[in-house]
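Chemist: Here are the chains, one letter per residue:
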Amino acid sequence: MVGGFRWAAMFPDEVWEHVFSFLPADADRNAAALVCRAWYRLERRSRWRVFVGNCYAVEPAAAVRRFPEVRAAAIKGKPHFADFNLVPSDWGGGAEAWVEAMAEGWPHLEELRLKRMVVSDDCLELIARCFKNFKVLSLVSCEGFSTAGLAAIAANCRYLRELDLHENEVEDNCLHWMSHFPESCTSLVTLNIACLEGEVNVSVLERLIGRCPNLKTLRLNHSVPLERLVGLLHRAPQLVDLGTGKYAAQHHPELFSRLESAIAGCKNLKGLSGFWEAGPTFLPAIYSVCEGLTSLNLSYATIQGPELIKLISRCKNLQRLWVMDLIEDEGLIAVAASCKLLQELRVFPSDPYGAAQPISLTEHGLVAISAGCPMLHSVLYFCRQMTNAALLTVAKNCPNFTCFRLCIMEPHTPDYITRQPLDAGFSAIVESCKHLRRLSLSGLLTDLVFKSIGASANRLEMLSVAFAGDGDAGLHYILSGCKNLRKLEIRDCPFGDKPLLDNAAKLETMRSLWMSSCSVTLGACRQLARKMPLLNVEVINERKRGLPLELQPDNCPVEKLYIYRTVAGPRSDTPSCVWILR
Amino acid sequence: MGDQSNSPSSSIDSSSHPALCSTSSIFQTRRDLLSTDLKLGLGLSTSALHGCSSKEREQLSHWPPIKPLLRSTLEEKVHRSHSKTFFVKVYMEGLPIGRKLDLLSHNGYDSLMRTLRRMFRTTITCPDTSRVPPEKAHVLTYEDEEGDWMMVGDVPWEFFLRTVKRLKITRADKC
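If you read the sequences in order, they're chains A and B. Counted from 1, the first sequence has number 436 at position 436 by full-length UniProt numbering; the numbering is strictly sequential. Counted from 1, the second sequence has number 159 at position 159 by full-length UniProt numbering; the numbering is strictly sequential.
Quick caveat, the hints were computed from the structure, so don't treat them as lab data. We treat Cβ as the ideally placed atom computed from N, Cα and C, and that holds for glycine. Honestly, I wouldn't trust all of these hints.
Claimed, not checked - Distance windows between CB atoms, simulated:
1) B:162 <-> A:171: 42 to 50 Å
2) B:146 <-> A:337: 26 to 34 Å
3) B:123 <-> A:201: 31 to 39 Å
To be verified - Here are the simulated lysine-lysine pairs, DSS-like style, with alpha carbons at most 25 Å apart:
4) A:316 <-> A:267
5) A:267 <-> A:340
6) B:67 <-> A:246
7) B:77 <-> A:310
8) A:396 <-> A:451
9) A:340 <-> A:310
10) A:246 <-> B:77
11) A:506 <-> A:531
Whenever a hint applies, use it, and build me the whole structure from the sequences.
Modeler: So, in structure tokens, the structure goes:
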């Protein structure tokens, strides 16, 4: 760049903004903003989509100030392990601060997507009141609100296109919330209420979807009976994505044929989910649309293997399959033979606590899928046994994995044939899969696997570790390697102070680190906090025994530790079980 | 947020490393005043998990990692329909051959009565109805673990399940 020449002035601002509009990715926009002050100024005025991966990484007001033209915001709150109840319920992640700042600075906001945040009804009412052009509300794994808050959204967001409620805990105190959608509401494209526990007034729902001709996604909740599904489908034959309600009823040949024809009438159906309480009786009603399906979620349907095979073998174009381990190896072999376009497979445990008869879902199923499905790149697999040989085969068959999450349900399970740790198997995965972005480990693992991961997993962004490793070396390998690591979550591993302190700088290149039931002491956390002012070092101690944390000695063990980079300093909404060290 | 793919963590990205501060001396607290058992805070150590019994496994907090919705769906399934069954024989007076009935597939007396009425095509009155049973109706009795014949419906359902051995449908005017 020629010094002194204000080359950015070569073109008027509008031209540069137009150029920047071709940079959708935040990384590219961030890079552009660093080039010079003019570009910083131009870029910030033209950014209309913002993603905040950690709600505490920046002050809401600062974000709103920097990007005044934002139309779409996505914000994440609690750490991932909150999904498994490891994070205290009062930890934080409240949405008020953000919603208030956005109401103030982004009155033209159209889309808001929140994940793992505590959203109150007040927040929902504020959203409904302040954003005149609001179109999309997506709440994933959130809590703190009720159907009364949803009523406010329904009543006031005149141009609402998407109401996407995914796996939230919603209090049911307003039975008729859906009646609050005015007759003039005809713009819905997505309505996902699958997580609501309460009764839904199906007649109101029928009228609502009847007047929304652009409705593409409809996911019902468990309370909608199968008989009523027929009527709903007749009113929305243009659906692309359907989540059924309760998929069981007294067997009735008339109901079956009405259901079958209603489903067949949905010629654009690509995705199916729901299937609460599904049994074999009504499954064949969806056979007519199987060929067109790209996504099938049967993870709440405890249907046995043979029925599953009959169903899934018809789904020749399936790209995504979520299913219970009742499918067993035999079922997965059938999937491998039929679903050649499969990209993503998730197999969930039907019996996670091991009380019933063991299921015949083993490493063989995984190997079969890896061999038969050349486009497979994302796997989540719960099972009870594994071998290094199987993992080596999978690694060889699937070098294109982007996400590999294996959960062998019993901690410390070795290769059941050789009795060796599964280091070799997971090492093969990371060495073969050069594009691996997400990895979850399980089984018996020594520090060796971490050496491989640190050395080979160059694109890895998220790593989940539980009951693994021998000592500090394991964590050191990860933190000193894994160039692109963003999120690291660890539980029940013998990792201590030394690797944390030796790799303190690394933590600032990551979004966050979670460690629970490891061997970290308070002293190390204090040191880390002093050394790294741009990190919030949160010590979570739920047992509240003895002295307050400030007076505990350095060798006091830390139950749970959450460290994240931030430019906002320590947050002010910590509950009594959380200390932010300085 | 399945749609959010691979955008980097924060729109405000800091790619520069701050200068590392030198460690200052660590303030030593007086340990002799503290008698807390420091090991308690560690939770389950890895060595404690080798050879874990199933009882200890129950205490393994929040493992395996499944989301609350799936967990509650599975728990509901377990409560609603145990993989176990509990078949008892049911005889109706006048019929030589008894039928078998899985009591665990019912969740209470109402459900049981409905099934039996359908099975035996007769009206069976419950003891809590105040109406005097008509001549042709039947009543349901059961043999308990002590060999006594009792009226069905007198005790709570769960208790009934624990003590019932077999069922008999007898004519109302015989009781």
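Chemist: Confirm or reject each hint.
Modeler: Now the hints, each set against the structure:
1. For residue 162 (chain B) and residue 171 (chain A), the Cβ-Cβ distance of about 36 Å falls outside the hinted range of 42 to 50 Å, so the restraint is violated.
2. Our hint of 26 to 34 Å for residue 146 (chain B) and residue 337 (chain A) is violated, since their Cβ atoms are close to 58 Å apart.
3. Checked against the hint of 31 to 39 Å, the pair residue 123 (chain B) and residue 201 (chain A) passes, with Cβ atoms roughly 36 Å apart.
4. Our distance criterion of 25 Å between C-alpha atoms is met by residue 316 (chain A) and residue 267 (chain A), whose separation comes to about 16 Å.
5. Restraint check: the Cα-Cα separation between residue 267 (chain A) and residue 340 (chain A) comes to about 22 Å, which is no more than 25 Å; the hinted pair holds.
6. Distance check on the hinted pair: residue 67 (chain B) and residue 246 (chain A) sit about 20 Å apart at the alpha-carbon level, within 25 Å; holds.
7. The hinted pair formed by residue 77 (chain B) and residue 310 (chain A) meets the criterion: a straight-line CA distance of about 23 Å does not exceed 25 Å.
8. The suggested pairing of residue 396 (chain A) with residue 451 (chain A) holds, with an alpha-carbon distance near 20 Å, which does not exceed 25 Å.
9. For a cut-off of 25 Å, the pair hint linking residue 340 (chain A) to residue 310 (chain A) stands: about 16 Å separates their Cα positions.
10. A threshold of 25 Å between alpha carbons decides the hint, and for residue 246 (chain A) with residue 77 (chain B) the separation of about 14 Å falls inside it, so the pair holds.
11. Our distance criterion of 25 Å between C-alpha atoms is met by residue 506 (chain A) and residue 531 (chain A), whose separation comes to about 12 Å.
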